[in-house]
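Here's the letter readout for the chains.
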Amino acid sequence: MSLPIAIQIRGVEKKFGDHEVLKGVDLDIPKGKITTIIGPSGEGKSVLLKHMIGLIRPDCGTVMVDGVDLSSLGERKLNEIRKKFAMLFQSAALFDSMNVFDNVAFPLREKRLKTESEIQIAVFEMLERVGLRAMGHKFPAELSGGMKKRAGLARALAMGPEIILFDEPTTGLDPLMVHAIHHLILSMHQTFGFTGIMVSHEIPEIFPISDWVAMLKGGTIIAMKPSEEFRQLTDPRVREFISVNNGMAAMPV
Amino acid sequence: MSLIRYLGARAIEFIEEMGKMALFLLRAFGWFFRPPVRIYQIIKQMHFVGFKSSFVVTLTAAFTGMVLALQGYYTLRKFGSEALLGSAVALSMIRELGPVLASLMVTARAGSAITAEIGIMRITEQIDALETMAINPLQYLVTPKIIASLLCVPLLVAIFDVVGIGGGYLVGVKLLGVSGGSYWSSIESAVEWKDVYGGILKSISFGLIVSWVCCYKGYFTKMSAEGLGRATTQSVVLASVLILVWDYFLTSILL
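These protein sequences, in sequence, are chains A and B.
Going by my numbering, the first sequence opens with residue 1, and the numbers climb by one from there.
Going by my numbering, the second sequence opens with residue 1, and the numbers climb by one from there.
Bear in mind the hints are in silico, worked out from the structure with no lab data behind them.
A few of these clues could be false.
What the hints assert, rightly or not - Pairs of lysine to any residue residues, derived as SDA-like cross-links and limited to a Cα-Cα distance of at most 25 Å, are as follows: (1) Lys-217(A) / Gln-8(A); (2) Lys-44(B) / Met-105(B); (3) Lys-23(A) / Met-223(B); (4) Lys-31(A) / Gly-61(A); (5) Lys-52(B) / Val-37(B); (6) Lys-20(B) / Leu-55(A); (7) Lys-77(A) / Pro-137(B); (8) Lys-222(B) / Phe-16(A); (9) Lys-15(A) / Tyr-219(B).
As the list claims (entries may be wrong) - Partial pick of chain A residues on the chain B-facing surface, computed with a CB cut under 7 Å: (10) Ile-53; (11) Leu-55; (12) Cys-60; (13) Asn-79; (14) Arg-82; (15) Phe-89; (16) Pro-107; (17) Glu-110.
Claimed, not checked - Ranges of calculated distance between the beta carbons of each label pair, as one might list FRET restraints: (18) Phe-249(B) / Ser-41(A): 49 to 59 Å; (19) Gly-11(A) / Arg-34(B): 28 to 38 Å; (20) Arg-34(B) / Asp-102(A): 18 to 28 Å.
For every residue, glycine included, the Cβ atom is placed at its ideal position computed from N, Cα and C.
Make the full structure from the sequences, and use the hints.
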């Protein structure tokens, strides 16, 4: 690959108790692209994603972000690196003690880079983009699943991150909403040009929105290809996973 | 052999847990001295731990003082020394019952809520979300709660003492007919600075125990609803037991 690399993972292994989850993962995340990691449930896709932002540290191996190895950094240096990142969690992880507006404003207020009136404008603009302009005063508990993901996305985008991690951004949503969220991610990507790394199960859906697709199975990356090439792979492990998950596999897209 | 192995494993587990708890507390304190100082969070927690507990503390204090006066009166009357009722009520309040009962009420009301709040934030990944925003969750969530409880529990205990002594006055003087003058003067002559100081020391340490245990149990909640329920129960039981055990040792040191 001759593309510029945002995150480089080499030989990452992780055990939880006796359970070996990652057994030597090598992965390059190209800069400015959307890379989707697919694979069977419980194979450690989310665990791998959390390694990239230092929420989990590898037992061995390295996670390099712009040439800095996260696995050996102290808290202060790690927080410097984390400023490049944002993460959209599976459950959206909105702070349920705050309304949607305050949730989106929270990282901005914490960093104190802007005045309160600038923050107000920025937050309204971001809520507008994700289609939640009128929902700022609502609390997370009052929102539907799709709205929570939108609010989570607005919060992730608010700091203008270079890299956004999406941990199963469409889990638990109906098919229409899945499509809407994917479309939103794609259009935000076109607007802001961040590097996106997504963990997902939505097999046919993710191909058109991803630039690259990687598959994690048995604790290692077994394939990583540009989206179109990935669909043509003949590796039986990939074929089995794609076709089992994809009722429409036989249909032309 | 397997019994020995079992006991050994449990002992190692126990010591490990103690070490984890100690490190947790040290880190939480360490974060207090690093910027930013989270004044707003501390005030919010003081409102929650302190102000919102004041009603239940006042209520329990009034009845504790009243029953103490009632019991004390019938006991003291056997020796013809009802005049000492004031000092009996005040000393037991200030030295023992105030700190212990007020702290137990704070544990039941605020402590369980602290564990549940932090535990829910853990299992819904809100704590991870804080970390990804480069905000230290200990500094944001735990430190303000510990500071707030160190400040508020002594104040609640002071309220408890005063209301309790007032409750004793109500029953002893107004209901049972002890002379008001002797009620107050016996308090004045019997209560020393050492008693008050001991009570304050107790209440500060109980405040620390409550917030420490409850934050710790919430922070390391197992990732399930069942885990959260267990963490909340454990935190209340552990904090209450620790308060009573530590109360004994502290009293024996202070005496």
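Here is how each hint holds up against the structure:
no., hint, verdict
1, Lys-217(A) / Gln-8(A), "holds, 19 Å"
2, Lys-44(B) / Met-105(B), "holds, 19 Å"
3, Lys-23(A) / Met-223(B), "holds, 24 Å"
4, Lys-31(A) / Gly-61(A), "holds, 21 Å"
5, Lys-52(B) / Val-37(B), "holds, 23 Å"
6, Lys-20(B) / Leu-55(A), "holds, 19 Å"
7, Lys-77(A) / Pro-137(B), "holds, 16 Å"
8, Lys-222(B) / Phe-16(A), "holds, 14 Å"
9, Lys-15(A) / Tyr-219(B), "holds, 22 Å"
10, Ile-53, "holds, 6 Å"
11, Leu-55, "holds, 6 Å"
12, Cys-60, "violated, 22 Å"
13, Asn-79, "holds, 4 Å"
14, Arg-82, "holds, 4 Å"
15, Phe-89, "holds, 5 Å"
16, Pro-107, "holds, 5 Å"
17, Glu-110, "holds, 6 Å"
18, Phe-249(B) / Ser-41(A): 49 to 59 Å, "holds, 51 Å"
19, Gly-11(A) / Arg-34(B): 28 to 38 Å, "holds, 34 Å"
20, Arg-34(B) / Asp-102(A): 18 to 28 Å, "holds, 24 Å"
Checked against the numbered hints listed earlier, the structure breaks hint 12 alone; every other hint is satisfied.
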